[in-house]
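Q: Here's the letter readout for the chains.
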Amino acid sequence: MCLAIPARIIELEEDRAVVDAMGNRWKAKTTLLPDAKLGDLVLVHAGFAISRVDEEEAKKTWELFAEIENFEKTRNKVSG
Amino acid sequence: MLMLDRIAQAQDTIAAACRKLGRQITIMEVCGTHTVSIFRSGIRSTLPDGLKLLSGPGCPVCVTDQGYIDAVLQLADRPDCLIATYGDMIRVPGHNGSLETRASKGNVRVVLSSEDALQLARDNPSQTVVFIAVGFETTTPATAVVVKEAAREGIGNFCILSGHKLVIPAMRALLSGMNDRIDAFLCPGHVSAIIGSGAFAEIVADYGRPCVVAGFEPLQILEALAEICRQLAAGKAEVKSIYRAVVTEKGNTAAQRVIAECFDAVDGYWRGLGKIAQSTLALKAEYSQFDAFKRFGLADVPGKDTSGCRCGEVLCGLIEPIQCPLFGRQCTTQKPVGPCMVSSEGTCAAWYKYGRRS
Amino acid sequence: MAANPERILLAHGGGGQLTNQLIRERIVPKFRNETLAELTDAARLTLSSPAICFTTDSYVVKPLFFKGGDIGKLAVCGTVNDLAVSGSKPMVLSLALIIEEGFEIELLEQILQSISVAARENEVTIVTGDTKTVERGSADGLFINTSGIGIRLPNVELGFGKIEVGDQVLLSGSIGDHGMTIVSQREGINFESPLTSDCAGLAELTCALFEKVPGIRFMRDPTRGGLAATLNEVVEASRLGIEIGERAIPVRPAVQAAADMLGFDVLNAANEGKFVAIVSPQAAPECLRLCRAHRLGREASIIGGIVPARDVPLVELVTKIGGRRIVQMPYGRELPRIC
Numbered sequence: 001m002c003l004a005i006p007a008r009i010i011e012l013e014e015d016r017a018v019v020d021a022m023g024n025r026w027k028a029k030t031t032l033l034p035d036a037k038l039g040d041l042v043l044v045h046a047g048f049a050i051s052r053v054d055e056e057e058a059k060k061t062w063e064l065f066a067e068i069e070n071f072e073k074t075r076n077k078v079s080g
Numbered sequence: 001m002l003m004l005d006r007i008a009q010a011q012d013t014i015a016a017a018c019r020k021l022g023r024q025i026t027i028m029e030v031c032g033t034h035t036v037s038i039f040r041s042g043i044r045s046t047l048p049d050g051l052k053l054l055s056g057p058g059c060p061v062c063v064t065d066q067g068y069i070d071a072v073l074q075l076a077d078r079p080d081c082l083i084a085t086y087g088d089m090i091r092v093p094g095h096n097g098s099l100e101t102r103a104s105k106g107n108v109r110v111v112l113s114s115e116d117a118l119q120l121a122r123d124n125p126s127q128t129v130v131f132i133a134v135g136f137e138t139t140t141p142a143t144a145v146v147v148k149e150a151a152r153e154g155i156g157n158f159c160i161l162s163g164h165k166l167v168i169p170a171m172r173a174l175l176s177g178m179n180d181r182i183d184a185f186l187c188p189g190h191v192s193a194i195i196g197s198g199a200f201a202e203i204v205a206d207y208g209r210p211c212v213v214a215g216f217e218p219l220q221i222l223e224a225l226a227e228i229c230r231q232l233a234a235g236k237a238e239v240k241s242i243y244r245a246v247v248t249e250k251g252n253t254a255a256q257r258v259i260a261e262c263f264d265a266v267d268g269y270w271r272g273l274g275k276i277a278q279s280t281l282a283l284k285a286e287y288s289q290f291d292a293f294k295r296f297g298l299a300d301v302p303g304k305d306t307s308g309c310r311c312g313e314v315l316c317g318l319i320e321p322i323q324c325p326l327f328g329r330q331c332t333t334q335k336p337v338g339p340c341m342v343s344s345e346g347t348c349a350a351w352y353k354y355g356r357r358s
Numbered sequence: 001m002a003a004n005p006e007r008i009l010l011a012h013g014g015g016g017q018l019t020n021q022l023i024r025e026r027i028v029p030k031f032r033n034e035t036l037a038e039l040t041d042a043a044r045l046t047l048s049s050p051a052i053c054f055t056t057d058s059y060v061v062k063p064l065f066f067k068g069g070d071i072g073k074l075a076v077c078g079t080v081n082d083l084a085v086s087g088s089k090p091m092v093l094s095l096a097l098i099i100e101e102g103f104e105i106e107l108l109e110q111i112l113q114s115i116s117v118a119a120r121e122n123e124v125t126i127v128t129g130d131t132k133t134v135e136r137g138s139a140d141g142l143f144i145n146t147s148g149i150g151i152r153l154p155n156v157e158l159g160f161g162k163i164e165v166g167d168q169v170l171l172s173g174s175i176g177d178h179g180m181t182i183v184s185q186r187e188g189i190n191f192e193s194p195l196t197s198d199c200a201g202l203a204e205l206t207c208a209l210f211e212k213v214p215g216i217r218f219m220r221d222p223t224r225g226g227l228a229a230t231l232n233e234v235v236e237a238s239r240l241g242i243e244i245g246e247r248a249i250p251v252r253p254a255v256q257a258a259a260d261m262l263g264f265d266v267l268n269a270a271n272e273g274k275f276v277a278i279v280s281p282q283a284a285p286e287c288l289r290l291c292r293a294h295r296l297g298r299e300a301s302i303i304g305g306i307v308p309a310r311d312v313p314l315v316e317l318v319t320k321i322g323g324r325r326i327v328q329m330p331y332g333r334e335l336p337r338i339c
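Chains as they are written, first to last, in my numbering: chain W, 1 to 80; chain S, 1 to 358; chain G, 1 to 339.
Some hints could be false.
Straight line, CA to CA, 25 Å or less: simulated DSS-like cross-link-like pairs of lysine-lysine [claimed, not checked]: (1) K240(S) to K59(W); (2) K275(S) to K304(S); (3) K294(S) to K304(S); (4) K27(W) to K67(G); (5) K62(G) to K27(W); (6) K250(S) to K59(W); (7) K250(S) to K60(W); (8) K284(S) to K52(S); (9) K148(S) to K52(S); (10) K148(S) to K27(W).
FYI, nobody ran anything at the bench for these hints, they're computed from the structure.
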């Protein structure tokens, strides 16, 4: 019910922002995050930033997936 | 630690807890996005037999009453109305077709944001734009913001048909009567970003069930299940959030404020669960000009479900989709009978799309 | 852009002066070849072999222009690829245009240029064509149909019936690029993005594979409906099962992020420059090597294998966390979901 992805605020004018997620750029409103700043990592849902994302915590998830990817590159067979 | 190690550790914790308790553990998730994530990552296939994972009323489209859907279609049939809706609602069948079957007339537009719906109103002054406002607390603030914006700018040809619902009253209703065999809840990550993990304290206090908030990555869900199992095995019940990157105890107070400014919690009808007190959001009197119910004289009455459709029991976690006689036969994703099959996050659709059908 | 751009009139499809003018001045020069220049009712061809593949496809993509290509490039590559994956070397194409009244001639020129470039790159000749116009509102600007003939390669016998348990599933590269690029540009969903379509003709690579490696059982390009549709077509027709591994499927991060944002599944997204091949276990390593050594197959991967069907032939995915789930035939229309 709640598709939202983390994206970085790369432009901000009042509550109108442009956010970047893996290179894709979207418009989003920061009306619900009045303290949002340029450069913040935020969760975007239905065109609104709804929460700040703690970058250190988020990185842990990303790092883990990168580990798995790395681990797999050495073999190219389905294990399941 | 390597993810594979963390996965193994979570699975060990779950298996140990199941062994210790010696009975079936039933955990319910109440978020359609969790339903889909669990299926797509194949988590069920890695869980021990003693752990049953149920899907609850977490798909806002699925719990939207038939009466609401028929009201939407009534408005879609009006030549003076432009319907703005999230994609999720397009295929939901009413008694007479769906928005999809009406889309060829050109007055049904899929929007990705409530702001797009408001812009539609600015761009089409000769028509009334009706925004189909469905969703839980994650989505409600987006509606509230544009209602306030419309009021500020005096955009008279914009209104919303509010089908917004609250998660916690539904959890209470389940535990109070409909399905008290639920041992614990996997709590929705993004709803919690808005309402705060602390909101689930009342479930723990009043019903003694563990409530663990998780994000949507498979490892998050596995570790949340492990935490729940750990609590159950120790005879504890607590609120805990492992979605540390996003969720705080208090939540997003600005979002909570804007919801409270625009909406009142009223009794409402949930498909399959019936009437739940203080569970649905209606626009406050001061915004009644933006309330499509009032504007078009529509009553929010429960509609009648198609005979044979057992979505209600599925939504309460009382049966699994495969136990519904229509599942996979008369009711498929190509020709859905009930909302649990038509919604992309519906339990039946998830089973049908990602699970074996026999 | 000119203030009053030249536009297509209904008369351009009338078969008279304007039609001739359009064909001789705008269309034929782009495809300089003797057969077309004759402008006879039918192209007279003498092919090196009577064993041919013949295919047709219509192109109605919207938007007409997208990052990585346009409807013209698509019309050539798509038909080339159908011939390529069928085990033939594409030789000639027909080109039929249905143009909406009012279409800007400048845009038509651009598309014709794309067709010309794509045809040259893929070593196919446009030998015959047709041009019609329709009233305003009857077409989305432009529809194209291309039919193609390819010479069947010797000793290549492909078919569902050739597939055996133990065969490997080879994917030539990342999935979802084209589908997500189109979605990102379509009206109503606007986001700027580094996504580009993977639109490309594959014959150079497929012909090399067929010529050098025996043991290729089946090949298909996963266009509409994506990888999910193609693999389901295979299990449906062969009555065998397929098991694939999520970790082995290459997906660009920007493509995944776009799909996550919109609630789309990359397995269902269209690809216009990729193929899936079912190959014998002996052929797999060499096929993989040849693909990766070629610009069109750098990210090629063995993503799974053919397994016996249990009760029903299904496509099963082993997920990133080692779980299992089924990959079904997609409904046919992906809608963005929010809640």
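Q: Would you mind marking each hint as holding or not holding in the structure?
A: Hint check:
1. At roughly 21 Å between alpha-carbon atoms, K240(S) and K59(W) fall within 25 Å of each other, so this suggested pair holds.
2. Proximity of K275(S) to K304(S) is assessed by CA-CA distance (about 14 Å); at most 25 Å being required, the pair is judged to hold.
3. Our distance criterion of 25 Å between C-alpha atoms is met by K294(S) and K304(S), whose separation comes to about 22 Å.
4. At roughly 20 Å between alpha-carbon atoms, K27(W) and K67(G) fall within 25 Å of each other, so this suggested pair holds.
5. Using a Cα cut-off of 25 Å, the hinted pair K62(G) and K27(W) holds, with the two alpha carbons roughly 23 Å apart.
6. For the suggested pair K250(S) and K59(W), the alpha carbons sit about 23 Å apart, so the restraint of at most 25 Å is met.
7. At roughly 23 Å between alpha-carbon atoms, K250(S) and K60(W) fall within 25 Å of each other, so this suggested pair holds.
8. The suggested pairing of K284(S) with K52(S) is violated, with an alpha-carbon distance near 41 Å, which exceeds 25 Å.
9. For the given pair, K148(S) sits about 44 Å from K52(S) by alpha-carbon distance, which is inconsistent with the 25 Å threshold.
10. Distance hint between K148(S) and K27(W) is fulfilled; the C-alpha atoms sit about 20 Å from each other, no more than 25 Å.
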